[in-house]
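Engineer: Sequence:
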Amino acid sequence: MKDRSAKYRAFYAQLICAAARTTDPRIEQAFRTVEREPFVGPGPWSISVGGHPYVATPDDDPAFIYQNTLLALDSTRGLNIGMPGAHAYWLSGCAVREGETVLQIGAGSGYYTAILAHLVGAGGRVHAYEIDQRLAALARDNLKDIAQVELHERSGIASDLPSVDVIYVCAGAARPAPEWLGALRPGGRLVFPLAPEGVHGGMLMLTRPQEGPVWPAKFLGRAQFIGCAGLQDADAARRLTEAFAKGWDSVQSLRTGDAPDETCWFAGEGWWLSTAPAPSPTNPVRPHADIMQA
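The opening position of the sequence shown corresponds to residue 13 in the working numbering, with each subsequent residue numbered one higher.
Hints are computed from structural coordinates only; laboratory data are not their basis.
A few of these clues could be false.
As the list claims (entries may be wrong) - Below, simulated SDA-like cross-link-like pairs (lysine to any residue); rule was C-alpha separation at most 20 Å, straight line:
id, residue 1, residue 2
1, 258, 212
2, 156, 113
3, 156, 143
4, 19, 47
5, 19, 31
6, 258, 278
7, 258, 284
8, 156, 134
9, 156, 45
10, 258, 276
11, 19, 49
12, 156, 137
13, 19, 40
14, 156, 133
15, 258, 280
16, 258, 279
17, 19, 37
18, 156, 135
19, 19, 72
20, 19, 30
21, 258, 187
22, 258, 273
23, 156, 49
24, 19, 113
25, 258, 272
26, 19, 76
27, 258, 274
28, 156, 144
29, 19, 75
30, 258, 247
31, 156, 54
32, 156, 166
33, 19, 38
34, 156, 50
35, 19, 44
36, 156, 272
37, 19, 48
38, 19, 73
All figures in this text were calculated on a predicted structure; none of them were measured in a lab.
All chains should be modelled from the sequences, with the hints used to inform the complete structure.
Structural biologist: Here is the structure:
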């Protein structure tokens, strides 16, 4: 069975990297190396292609879990291990490097935490936050042998977050949490779904500048996630739906401290996204127009 799993992982890693349009060999190696079996639990499993009903696998053959699909952790609540091709694309976009410190919001059962740990290597660190007690217990058990991972069984919206190079958020939000912005080191990247519960939003990457209130910003593509507790807003959800219907790939910066001008694509309380560029360029990754669920 181990040999079969290794064969499936090799194919799966190539498949999702092709879907993600990434040629980064470190991304492929991470997905090839990390076994999914501990993170999905015993089969049969419920799987889905984003936006479609779950389908139960006929048995527990691991071939079913090495596909570019959603894997249900709790189908009644819509809690999934997200679409691997989407995550491969977003991880390529934020370019996690060896030795960096990463903060992950929404660890789930820990699968993408393990992927992040592989990318930062033994000299890096991953702080993973999971507010759901059942999922946090699963993640703690699944990640116990990965020395560079520290699991926090609480909300990732807090004033005492560690200083990090990358923040990778796996829960939809109506705004970037000020605590996340404050935790980023200069040059650090925040990747989060600007997508409140039930909204087809976008995976937004913000880069902290060396100084100043204007941050380079870029949507890496469309995204839909389960909502992040504490960062939901019904009015913002309605306005974001309207904004995404009119386009999204022209956003180039996040701005604070001044009133929105004619370049404003979307405005929140105390912040807004602009189509005008920031002084520092964004990562040149091309946006992916597909709607992806996680």
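Engineer: For the pair we were handed, residue 156 and residue 166, check the Cα-Cα distance against 20 Å.
Structural biologist: holds (17 Å)
Engineer: Given the hint that residue 156 pairs with residue 144, does the C-alpha gap stay at or below 20 Å?
Structural biologist: Answer holds: residue 156 to residue 144 is near 18 Å, not above 20 Å.
Engineer: Between residue 156 and residue 272, does the CA-CA distance stay at or below 20 Å?
Structural biologist: violated (47 Å)
Engineer: Within 20 Å, alpha carbon to alpha carbon, are residue 258 and residue 272?
Structural biologist: holds (18 Å)
Engineer: Can you confirm whether the C-alpha distance between residue 156 and residue 135 stays at or below 20 Å?
Structural biologist: holds (17 Å)
Engineer: Does residue 156 pair with residue 45 here, judged by a C-alpha cut-off of 20 Å?
Structural biologist: Holds - the C-alpha atoms of residue 45 and residue 156 are around 17 Å apart, at most 20 Å.
Engineer: Would you check the hint for residue 156 and residue 50, treating anything up to 20 Å between C-alpha atoms as holding?
Structural biologist: holds (12 Å)
Engineer: Taking 20 Å as the top limit, are the C-alpha atoms of residue 258 and residue 279 close enough?
Structural biologist: Status holds; Cα separation ~15 Å.
Engineer: So if I understand the rule, the pair passes when the alpha-carbon distance is 20 Å or less; does residue 19 with residue 44 pass?
Structural biologist: Holds, at about 9 Å.
Engineer: Just to be careful, I want the Cα atoms of residue 258 and residue 273 compared with a cutoff of 20 Å; is the pair within it?
Structural biologist: Given pair residue 258, residue 273 holds - Cα atoms ~18 Å apart, limit 20 Å.
Engineer: Are the Cα positions of residue 156 and residue 54 separated by 20 Å at most?
Structural biologist: Satisfied, since the Cα-Cα distance of roughly 19 Å is no more than 20 Å.
Engineer: What's the verdict on residue 19 and residue 72, does the C-alpha distance respect the 20 Å limit or exceed it?
Structural biologist: holds (16 Å)
Comparing the model with each earlier hint shows violations of hints 24 and 36; every other hint is respected.
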